[in-house]
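Using our numbering, the final residue of the sequence shown is 178, and nothing's skipped along the way.
Hints were generated in silico from the structure; no laboratory data involved. Careful: at least some of the hints might be erroneous.
Derived DSS-like pairs (lysine-lysine); straight-line CA-CA distance at most 27 Å [what the hints assert, rightly or not]:
#1 Lys-59 x Lys-43
#2 Lys-59 x Lys-41
#3 Lys-75 x Lys-5
#4 Lys-75 x Lys-144
#5 Lys-144 x Lys-13
#6 Lys-96 x Lys-59
#7 Lys-26 x Lys-96
#8 Lys-26 x Lys-13
#9 Lys-75 x Lys-43
#10 Lys-5 x Lys-43
#11 Lys-5 x Lys-63
#12 Lys-5 x Lys-96
#13 Lys-13 x Lys-41
#14 Lys-43 x Lys-63
#15 Lys-59 x Lys-5
#16 Lys-75 x Lys-59
#17 Lys-59 x Lys-13
#18 Lys-59 x Lys-144
#19 Lys-59 x Lys-26
#20 Lys-75 x Lys-63
#21 Lys-43 x Lys-96
#22 Lys-144 x Lys-96
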Amino acid sequence: MIYEKLVSIIRNKQDEILNLWLDEFKNTRTLRIEAGIDEDKWKRMMQDVLDGFDDMITKDISKYRICIDFTQLGKECFDDNYALHDIVDSLTLLKKVIMEVVSAEGFFGTAYQMYQLQELNNRAGLYFDRALYYAALGYEETLKDVLEDKGVLGKLKKFMGSPEGLSLIHISEPTRPY
């Protein structure tokens with residue numbers, strides 16, 4: 001399997017990846033919550049994301065699992081009063097940090113090893129693109145529910161989509177090509 005060494009790097013350096021991610025996340029984002037972030041909760045969430053990425057590489061997890069996991073992450077972030085851009089920022093930074101840590105190992109001297117790194121980057125892109133899509137979807141679904149309860153969704157249909165039609169609760173398999 002072409003990922004064995006890359007997967008071992010990611011597994012062996014999980015703490016380093018999460019600590020680098022947290023430092024960058026706290027320093028490069030605009031905090032919407034004056035009290036700051038719950039660092040332990042965010043690290044646990046990103047640990048789950050990292051574990052899911054590992055599973056995607058080694059076990060080829062289903063799109064449905066990614067859908068369920070990340071819609072839940074989006075809902076949790078909404079419930080905790082984080083902005084949607086916080087989710088986007090956290091996931092894009094985690095992907096960046098993973099690739100930086102793997103690249104820093106410096107064992108990419110042959111064309112085949114460079115191909116492996118490129119293949120990992122492609123898989124990371126696919127995983128994190130799906131993650132972003134479903135996290136945003138979960139966030140929006142939760143926001144729609146709140147707006148429906150307050151009776152203001154009708155004014156925002158243009159931006160939020162119709163409340164009729166697909167609902168995450170009724171999806172048996174994701175319908176997106178991601």
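Notebook entry, point to check: Which of the stated hints cannot be reconciled with the structure, identified by number in ascending sequence?
Noted result: Violated hints: 3, 5, 18, 19 and 22; rest satisfied.
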